[in-house]
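There are 2 protein chains.
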Amino acid sequence: MHFVSALDRVPEMRGVLCLFEGVASGAADGYARMTRRPAATLLHLGPGLANGLANFHNAKKARTPIVNLVGEHSTKHQQYDAPLSGDIDAFCAPISAKTVRLENVFDMGSVAAEVISEARRYPGRIVSMIIAADYSWSESGAAGFAAAPARPPMPASRPAFGPGAGFLLGGHLLTGKGLDYAARLAAAGYKVFADRNTARVEGGRGRFQPERIAYFPGPAQAQLAGLKELVLVEAKNPVSFFGYPNDASLLAPPDCRVVTLAGIEEDGLGALEALGLPEAGFADVPEAVLPDADSPLTLETIGAAIAALLPEDSIICDEMISSGPPVMEQVARAKRYDFLPVTGGSIGQGLPVGVGAAVACPDRKVVVLEADGSAMYTLQSLWTMAREGLDVVTVIFNNRRYRILDIEMRRTGAPGFGDRSNDMVDLTRPNLDFVKLSEGMGVPATRATTLREFIDQFAAGMREKGPRLIELEIVQ
Amino acid sequence: MHFVSALDRVPEMRGVLCLFEGVASGAADGYARMTRRPAATLLHLGPGLANGLANFHNAKKARTPIVNLVGEHSTKHQQYDAPLSGDIDAFCAPISAKTVRLENVFDMGSVAAEVISEARRYPGRIVSMIIAADYSWSESGAAGFAAAPARPPMPASRPAFGPGAGFLLGGHLLTGKGLDYAARLAAAGYKVFADRNTARVEGGRGRFQPERIAYFPGPAQAQLAGLKELVLVEAKNPVSFFGYPNDASLLAPPDCRVVTLAGIEEDGLGALEALGLPEAGFADVPEAVLPDADSPLTLETIGAAIAALLPEDSIICDEMISSGPPVMEQVARAKRYDFLPVTGGSIGQGLPVGVGAAVACPDRKVVVLEADGSAMYTLQSLWTMAREGLDVVTVIFNNRRYRILDIEMRRTGAPGFGDRSNDMVDLTRPNLDFVKLSEGMGVPATRATTLREFIDQFAAGMREKGPRLIELEIVQ
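Going down the list, the sequences are from chains A and B.
Those letters in the first sequence? Residues 58 to 533, by my numbering.
Those letters in the second sequence? Residues 58 to 533, by my numbering.
For reference, chain A alone in the conformation it holds in the complex (with noise of 0.2 Å):
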């Protein structure tokens, strides 16, 4: 409550108010996979730091930078069993690289600023900080001071590699100055590839799109078929997102020769720069076409609408689970964009994550591209958008199912789907009516199911400001 009061005068900081904490945890990753600095999130003891957990799990997979205020029982409140009680250490600890219980009030101060320095050592980490409510009703010691963040340290050796190897870049390198180096990569005859769950990949026309590692292993496998060498840099060595009953959970060659030019905490960019290539070019992508109105509704249409319209300097949020593939390949010719991917797989990230990109960069078109399921984990997201006024246009891929589990299913050598499993995959009965949903919180919305209906709404929504919904019926 202290803390709450404090914003009117604390000028420099903004609070954003999120209805749920799983909207707060994701929004505070979108904002710093942006800004590269850490948003700070207020959450009520362990049960609301929980409910952030699990986009905290996809900030930590992304190496976000968070700081985490968490508010815990006064301090002689803390022998008793009250409701609230509960080990916050322990809920913390999952996804939090430091948790400090502050132990002293005068030292709020200091403790304050090496819990943001540290939450800000390269590449980024979460650090929570438990903070006991009289602290805030006691006299503290003076504010501290974080430091700017220090470069990382370059790799201490440098592994040989053929001319035949392979680069898989991830981290902070698939922005800016990393992808000109990875165009210099692949003009010297390597072959370039993308770490799949990255925090940030700028994409479209104009920049040197790295091939991405595939979803599932046997397109990975066949994307490094064949290479000798893998040099990572700020990548680790790619595995599969799931294990399979026939299938190995490492995706590069049994015999290829896996290497480290710069560990994640490395500075990748150094180690690529020492390298010395020379500068180049590379072949763009062509150029986006708005496809015929009268074309069919499908992925692959949908994809070449959203390129032909995204405005320059875009920021996309995928959560579109099976329909992403054809959708992003699409979406590739589209003008620059920013792309923010899944990067630990906790459902309800794409929403939370438009809310943050959108509070960090107010004068650049958002666009969140989320699946109907997955919708639903974190739809509180809506009100924050519009009670922000967040520049965030919504499209739900709304196929009414589980759709990615049908994929599973197969996969995992199930026996399929009788009518009473299928009802734990199946999201008609009722149908889900996101219009209504988004209306619900304030957020205008209208139904597409036509191409041309798509094209319309969507060309609208890029040209007005502000929160925006488009529910795609995409029932095949």
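The hints are simulated quantities; they were obtained by calculation from the structure and are not laboratory data.
Virtual Cβ for every residue (Gly too), placed ideally from N, Cα, C.
Possibly wrong hints are sitting among the right ones.
Now the stretches of chain B that chain A is said to cover, found in silico as 3 or more residues with beta-carbon under 8 Å [said to hold, decoys possible]: (1) 71–85; (2) 171–185; (3) 299–306; (4) 399–407.
Keeping the supplied structure of chain A fixed, place chain B upon it in accordance with the hints.
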């Protein structure tokens, strides 16, 4: 996937799809509060479990038996840092009495039986079982058999207490025979109090209704003032919900001797029986009277209308927060009902617990009394109500504000709300439209802005079967 598929072959197990794990965990809680048998949840790795933690916290405080089946990566895949990889044991820790990581697929059946037995140990606990994906596609051993739980042990000794002692009853003692003994205690001249945060309380006419300990320390301390002895029966020494600058945490007077007749895991019913008190009647509460429909819409008139219209043997799930006390004071006059209170203070309990109670008791009317702010935590519950045709009437007490925080702001001595901090508790801009939100998930809904409208709508809800929602506008 194999587990889901197996639902086709094991009709004894009913699968209920929830759109968010926080609904599943709360529904498992509600189910077991009514049946005292554990429901099983099926959760997807650490983040899937994490989404359920807040309501698992509530279930833990309610001492509800639950069996969590948590999927883990296949054994060979666990060594890699895949997107969903995480420390599942750590995610389970804060809410599980025991976490079992299945180490050998042949033991699946016997370990499952042990897990169920452990969950059912009096008074009930949450046990989590982590199962690697490949155990689903491997040959397993025989199915196990979970024996019926043993009776809880009688307390080893009986404390002495004088004639002016007060009794605090909790655990499973606020239903059935426990309330009969409570009436005997009252008739014998003892003051009898009900633990505030218990799993289930029977109320209404024809039931002895012990005084429920108040939420805030001041009124709670006034209830217990003057007591020289407090006898705990399946309850702990009562403490306030939060600690405050100028209040003691303990609610009993400082000079009150607190003794335990039966601990949380002991046979409180047996201990009460052993007191040998004679059967006794009690003065019943007066019958509820439907208020004049032209009366103003207030929490008191709403409560009186609910009391008069509630059919016998209804189940009330409470998460009204600040609206609760005046409403429940009226509802006490209704015909016999079960009341499922807030137990752990994790927000988002009411609607999911209503789902579980309705699955458990298909022939009884379930009424969820829910605040606007808390409703938005687990609103996805409505879809499951529609899907399963559950007989649940949800009343949203919409005061467009986290009203309880107005009180907490004063109590903590914080400076109060300016414009910017007020934005953190204000739920207007935009207003939430619960009618649209409900219809968006397939539950018919209406809005009541007058008492007459509420009476008409609530009466219809009591008369007809199936889910419906009433948004009550109670902005003051």
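Hint check:
1. 71–85: Since three or more residues must qualify, the claim that chain A covers the stretch 71–85 of chain B holds, with 5 doing so at under 8 Å.
2. 171–185: violated (count 0)
3. 299–306: It holds: at least three residues are needed, and the stretch 299–306 of chain B offers 5 whose Cβ sits within less than 8 Å of chain A.
4. 399–407: holds (count 7)
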